[in-house]
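Novice: Residue strings, one per chain:
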Amino acid sequence: MSTPDAFIARYRRLKAELPALEAAASKSWRDTGALLEAAGAVLRRHEHLGAVGEVDPALRTLPRESVQAWLGALSERALAEALRHAEEDGLEAALADSPEESELHVAEVMGALYARDALQSQASALARWEILAGDDAGPLTERLSEQLLSLDASHRGQARLFVAANPRRRAERDTLDVAERAQAWWFTARAECDGLVAALAGRRDALGAHLDVCLECLEDLENASLVEAPLPQHLDEDALWALDMGTASPGERARWTAHAGHCSACGAALEALSLGDEAIDDALAEEAEAPPRQAARSSTRSTRAPGSARRPDREVLEQSGDFRLLLIRERGTVRLQVQPLRSAAVASALVFLPPGRSPIRPRNTPEGMDFALGDEAGLRHHVVAVRLELSGTGEVYQREFLLE
Amino acid sequence: MPVAPLPQTDDALFSAIFARRAAGEPVGALLGELCERWRRPAAYVIGKVQASYGRGASADVDELYQDAVGKLLDRGLEQFRGLSERHPGRAASPRTFFLRIVKHVTIDFYRRQREDLVDTATEGAAAEEPPGNAARSMARAHQLEAARDARDVYRAAFRRLTQEHPKEAAAWDLYHHEDVEDHEECARRLNISVVNSYKRVSRAQAYLKAYLLELRDRGEL
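Residue numbers (our numbering), protein chains in the order written: chain F, 990 to 1393; chain V, 530 to 750.
Below, simulated EDC-like cross-link-like pairs (lysine to aspartate or glutamate); rule was C-alpha separation at most 16 angstroms, straight line:
{"#": "1", "chain 1": "V", "residue 1": "K577", "chain 2": "F", "residue 2": "E1275"}
{"#": "2", "chain 1": "V", "residue 1": "K728", "chain 2": "V", "residue 2": "E714"}
{"#": "3", "chain 1": "V", "residue 1": "K577", "chain 2": "F", "residue 2": "E1260"}
{"#": "4", "chain 1": "V", "residue 1": "K600", "chain 2": "F", "residue 2": "E1226"}
{"#": "5", "chain 1": "V", "residue 1": "K577", "chain 2": "F", "residue 2": "D1271"}
{"#": "6", "chain 1": "V", "residue 1": "K600", "chain 2": "F", "residue 2": "D1227"}
{"#": "7", "chain 1": "V", "residue 1": "K577", "chain 2": "V", "residue 2": "D637"}
{"#": "8", "chain 1": "V", "residue 1": "K600", "chain 2": "V", "residue 2": "D637"}
{"#": "9", "chain 1": "F", "residue 1": "K1004", "chain 2": "F", "residue 2": "E1043"}
{"#": "10", "chain 1": "V", "residue 1": "K577", "chain 2": "V", "residue 2": "D589"}
{"#": "11", "chain 1": "V", "residue 1": "K728", "chain 2": "F", "residue 2": "D1086"}
{"#": "12", "chain 1": "V", "residue 1": "K577", "chain 2": "F", "residue 2": "E1267"}
{"#": "13", "chain 1": "V", "residue 1": "K728", "chain 2": "V", "residue 2": "D711"}
So, partial list: chain V residues that the calculated Cβ filter (under 7 angstroms) puts toward chain F:
{"#": "14", "residue": "Y573"}
{"#": "15", "residue": "I636"}
{"#": "16", "residue": "D637"}
{"#": "17", "residue": "A679"}
{"#": "18", "residue": "R680"}
{"#": "19", "residue": "D702"}
{"#": "20", "residue": "E707"}
{"#": "21", "residue": "S731"}
{"#": "22", "residue": "A739"}
{"#": "23", "residue": "L741"}
{"#": "24", "residue": "D746"}
Note that these hints are calculated values from the structure, not bench results. Don't be surprised by glycine CBs; every beta carbon is placed ideally from N, CA and C.
Assemble the whole structure, with the sequences as input and the hints as a guide.
Specialist: Set out below in structure tokens:
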């Protein structure tokens, strides 16, 4: 592929600017960095730029303290952050709705990749400067190389996200001397994998014949296939935990509760989960009622009048011709009771404490369906969600209550 | 020799155990005290779950309790901290969190027993154990562990999607997790156009795969 003139022209300009940069190089660490960047960029592209005899004289003028000041001021963290943003922009560029939107993100990506390339040029110039200074061991270069190695290790694999910028990356790659290209992953890695992000989005055909020759793309698609894999049918240990702790997404919750409706093993597990919750609430309530082990431990219960703790406190939350909804506080625990006011008035009742915990299984009592919500103190400022489906009309009653 | 007083509250004791463990110091005495404090409520929870599975084997209580303590030590702090940070309020107190572990260990134990019974019945109760059974069990255990790791990483990727691209996450949740897999229905339920539903699901897939590959590059899968 021929190198577009516009890309190599940038480095021709830098080469021409070397004398001016040399003159200003000792003024500040930024000026030192600018000279090193220009010198290194030219050195790394001498196959295109021809003789680079002006580089050595320019580097010789750099005092050691200026070089050390520049090296001390380098911020890898800023570059790492820029590369991280470039990864996000790369994804957005590939998934953009319009070429204009994509172009904006590509510009951001290229900005970060140019910053990484500039640092590589500075590292090359630094190595040359150390040789010219008679320090062939290159301790400063070694120090910088170690920092770059660590930076690259975290970002190199993410080059897959830069594919929307590939036409420019390829053009930049081709400005580099052949020996430089393998190291310059920011311009070269995945530079031919243009359709990769589209393929990750489900359009595998976007990679076309490239997939026949690119092992990396094949591996990426294979390794990412887990996303589309059918989900486990049954509720496993993790699913139960996610339901219990409220970390399941609404879709997962719906899927699992629907499955448990027709799978006896999973239904039993959900029921055990609910019974276990009741048991935990009971155990904690019992401990709260027990004489305190330490004088420092206190509870709201201790401030109540003797005997009052055992008297159920009932509050009517809702009453219609079909049902009555009661909140019952008793022995430090809270229950919600759905009392049908006519025969089979309530077809189904669902109560849960959003966003966490599994739907609470009711206990059928002579008064109605009883839902144990848990420990009173622990439920303060929690929301309880109720969904009732009334028989006959099929009307749905749905409300949330804040427990004060 | 000076004797340090035991932390008074469960929370303080819990924190002290994990601080010592992180520092590589012995935790036996503190753990013993905490186990003693939590044994009774744990046994109660185990009993209730046992009853829900129609079991009453008191012999299992100690084993299940030890298993739960082991899980608390292995993954407990990380999980407890993770939950507390990501979802303030859901992890409740360390004791409630531990009792939840007890509950899950017990459910898992009896569920596996029940599934084993189903497997045995399906394969034929009279069949003798094949000679390579142990090797197969081990391979199965490895497969299960790998599958569990994969699910963990998938969930981490989905969590990130939910945080960074909630609209795409909601579309994916409906389309894939809830098995709707019909863009007209997704569009209706999300109150968006069908074209948007396609776009969001497709973008969600790309984000999730990119996150998954990143986690894999970092050696987390």
